[in-house]
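So you can see what is in the structure, the chains are spelled out below.
Number of protein chains: 2
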Amino acid sequence: MTQAASVTAALLVIGDEILSGRTKDQNIGYVADYLGKIGIDLREVRVVPDVTAEIVAAVNALRARYDYLFTTGGIGPTHDDITAGAVAAALDVEISEDPRAIKLLLERIKPGDLNEARRRMARIPHGARLIENKISAAPGFWIANVIVLAGVPAIMQAMLDEVAPRLKTGARMIAETIPAEGLFEGAYAAALGDLAAANPELSIGSYPAFRDGGFHNEIVVRGKDAAKVAAAAAAISAMVARLAKGRA
Amino acid sequence: MTQAASVTAALLVIGDEILSGRTKDQNIGYVADYLGKIGIDLREVRVVPDVTAEIVAAVNALRARYDYLFTTGGIGPTHDDITAGAVAAALDVEISEDPRAIKLLLERIKPGDLNEARRRMARIPHGARLIENKISAAPGFWIANVIVLAGVPAIMQAMLDEVAPRLKTGARMIAETIPAEGLFEGAYAAALGDLAAANPELSIGSYPAFRDGGFHNEIVVRGKDAAKVAAAAAAISAMVARLAKGRA
Numbered sequence: 001m002t003q004a005a006s007v008t009a010a011l012l013v014i015g016d017e018i019l020s021g022r023t024k025d026q027n028i029g030y031v032a033d034y035l036g037k038i039g040i041d042l043r044e045v046r047v048v049p050d051v052t053a054e055i056v057a058a059v060n061a062l063r064a065r066y067d068y069l070f071t072t073g074g075i076g077p078t079h080d081d082i083t084a085g086a087v088a089a090a091l092d093v094e095i096s097e098d099p100r101a102i103k104l105l106l107e108r109i110k111p112g113d114l115n116e117a118r119r120r121m122a123r124i125p126h127g128a129r130l131i132e133n134k135i136s137a138a139p140g141f142w143i144a145n146v147i148v149l150a151g152v153p154a155i156m157q158a159m160l161d162e163v164a165p166r167l168k169t170g171a172r173m174i175a176e177t178i179p180a181e182g183l184f185e186g187a188y189a190a191a192l193g194d195l196a197a198a199n200p201e202l203s204i205g206s207y208p209a210f211r212d213g214g215f216h217n218e219i220v221v222r223g224k225d226a227a228k229v230a231a232a233a234a235a236i237s238a239m240v241a242r243l244a245k246g247r248a
Numbered sequence: 001m002t003q004a005a006s007v008t009a010a011l012l013v014i015g016d017e018i019l020s021g022r023t024k025d026q027n028i029g030y031v032a033d034y035l036g037k038i039g040i041d042l043r044e045v046r047v048v049p050d051v052t053a054e055i056v057a058a059v060n061a062l063r064a065r066y067d068y069l070f071t072t073g074g075i076g077p078t079h080d081d082i083t084a085g086a087v088a089a090a091l092d093v094e095i096s097e098d099p100r101a102i103k104l105l106l107e108r109i110k111p112g113d114l115n116e117a118r119r120r121m122a123r124i125p126h127g128a129r130l131i132e133n134k135i136s137a138a139p140g141f142w143i144a145n146v147i148v149l150a151g152v153p154a155i156m157q158a159m160l161d162e163v164a165p166r167l168k169t170g171a172r173m174i175a176e177t178i179p180a181e182g183l184f185e186g187a188y189a190a191a192l193g194d195l196a197a198a199n200p201e202l203s204i205g206s207y208p209a210f211r212d213g214g215f216h217n218e219i220v221v222r223g224k225d226a227a228k229v230a231a232a233a234a235a236i237s238a239m240v241a242r243l244a245k246g247r248a
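Protein chains in written order, with the working numbering: chain Z, 1 to 248; chain B, 1 to 248.
A hint or two may mislead.
Put simply, identical chains are the same to the list, so a pair is met inside one copy or across any two.
Stated by the list, open to error - Pairs of lysine to aspartate or glutamate residues, derived as DMTMM-like cross-links and limited to a Cα-Cα distance of at most 25 Å, are as follows:
hint, residue 1, residue 2
1, K134, E116
2, K103, D161
3, K228, E218
4, K24, D161
5, K224, E201
6, K110, D194
7, K134, D194
8, K134, D212
9, K24, D67
For the record, the hints were derived by calculation from the structure and aren't laboratory data.
Just so it is clear, the structure is predicted and the values come from calculations on it, not from any experiment.
Let's have the full structure, built from the sequences with the hints guiding it.
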């Protein structure tokens, strides 16, 4: 049995700018890919506004359900950056200016420029470890199973690289994609459903895409047992070839 | 007072392919923009896997809280398309093959090709109205305050155009963006926080972007009262000009 216990995660995206459509989120897809590659299954994503009660409720719902909760956004120096305080409230811990974070800020900010607003970025919930990054002076932090990252994609990515080696991980999902070009989903749905029913430990999905005036479908098999994924992919390829031939 | 009562919405994105990172979601940003432009405030987004219990729980949490719940994904003919059944379960209504939907399917599919799998796309919760679209034969549907759309972006967009004229809408959010190029957030955070505190009915956000080795920040004022938005934007422009001058 090559299947290890799975490690699960949720992602909480914090920010009015995503919900207003002003900023197109780039973090969900990146985090999904990244966690999948290191053996952590992303199971749920939520996007909430810059409202403390909303963040607290989502943090508590998600941290209780998954092995890890990653958050992005809301850790800068402005009034709308309320993530650190909300996470502290959710975990019912104190928050105050952290000397370690002040030290990090002072590596890039002149003492005379370390104003009240910038000091806000050093407010860290008690008991958290800091997450440094190479781009910005302000750290993220990790407390209990909650990992608080920046919203700016380049900074978020640098922070994720920083924490990744310390995350517990499970068996990686292996995925195989079988193109079903030229076939409608309705033509193979029954046979594919039978294959899925026969392989309950695999996730078998059919993904239609519409471009250039036509459908370009793909079937994806995902699972943690390489042999089973390969066997199911071979069966699907044979099915697609058979149906394509019948159609020609 | 130009501010109308607001109309709120949530979006539920259904699909393993988003959570695995295989498919990069394009619907969240589109729906956010679209609803904002017609006067509906998107307040929350969730992404859940193709698991009935997860969809049911999210549908019930979100439809209770917001004026509308839009869902995307999971309405095709394959075994992993379980949205219609999950929505029926969430609303505790029956679901069965709908003659209106069969009629729509037969406009594009030859009777001999209308197999069992394709008939699945005609399973519609009782009491729903259908949402047609110009690209695919399979309809979405609208039941109570839940609006079920396709996951394929082009089809989702066509369905949204179809329902939009029948949605109740509130006052549109008006947004003004003030570039704060060359300034760090920490330089203007205190002054901006004062402005935000003085204008609680406005949403004032500071959005850092990092590219080409530097920060390119923008400040955004959003609200439903055009005069108040304009006044705050003018005050922010003046503040930015003052700080930029002090810096030069």
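- [ ] Could you place K134 and D212 in one of the four classes (within, between, both, neither) given a Cα distance threshold of 25 Å?
- [x] between (42 Å within a copy, 15 Å between copies)
Open item on the list: Within, between, both or neither: how does the pair K103, D161 come out at a Cα-Cα threshold of 25 Å?
Closed with: Cα proximity of K103 and D161: one copy only (21 Å, versus 53 Å across).
Task: Alpha-carbon proximity context of K24 and D67, limit 25 Å - done: For K24 and D67, only the inter-copy Cα distance (23 Å) is at most 25 Å; the intra-copy one is 27 Å.
Task: Intra- versus inter-subunit Cα pairing at 25 Å for K134 with D194 - done: neither (50 Å within a copy, 31 Å between copies)
Open item on the list: If the cut is 25 Å between Cα atoms, do K224 and E201 qualify within a copy, between copies, both or neither?
Closed with: within (9 Å within a copy, 50 Å between copies)
Open item on the list: My question is about K228 and E218: at a cut-off of 25 Å on alpha-carbon distance, are they close within one copy, between copies, both, or neither?
Closed with: within (19 Å within a copy, 50 Å between copies)
- [ ] Have a look at K134 and E116 and pick one of within, between, both or neither, based on CA distance no larger than 25 Å.
- [x] within (23 Å within a copy, 56 Å between copies)
Task: Same-copy or cross-copy closeness of K24 to D161 [CA-CA at most 25 Å] - done: both (22 Å within a copy, 21 Å between copies)
Task: Intra- versus inter-subunit Cα pairing at 25 Å for K110 with D194 - done: For K110 and D194, only the inter-copy Cα distance (24 Å) is at most 25 Å; the intra-copy one is 65 Å.
In summary, the structure is inconsistent with hint 7 from the numbered list given earlier, while agreeing with all the others.
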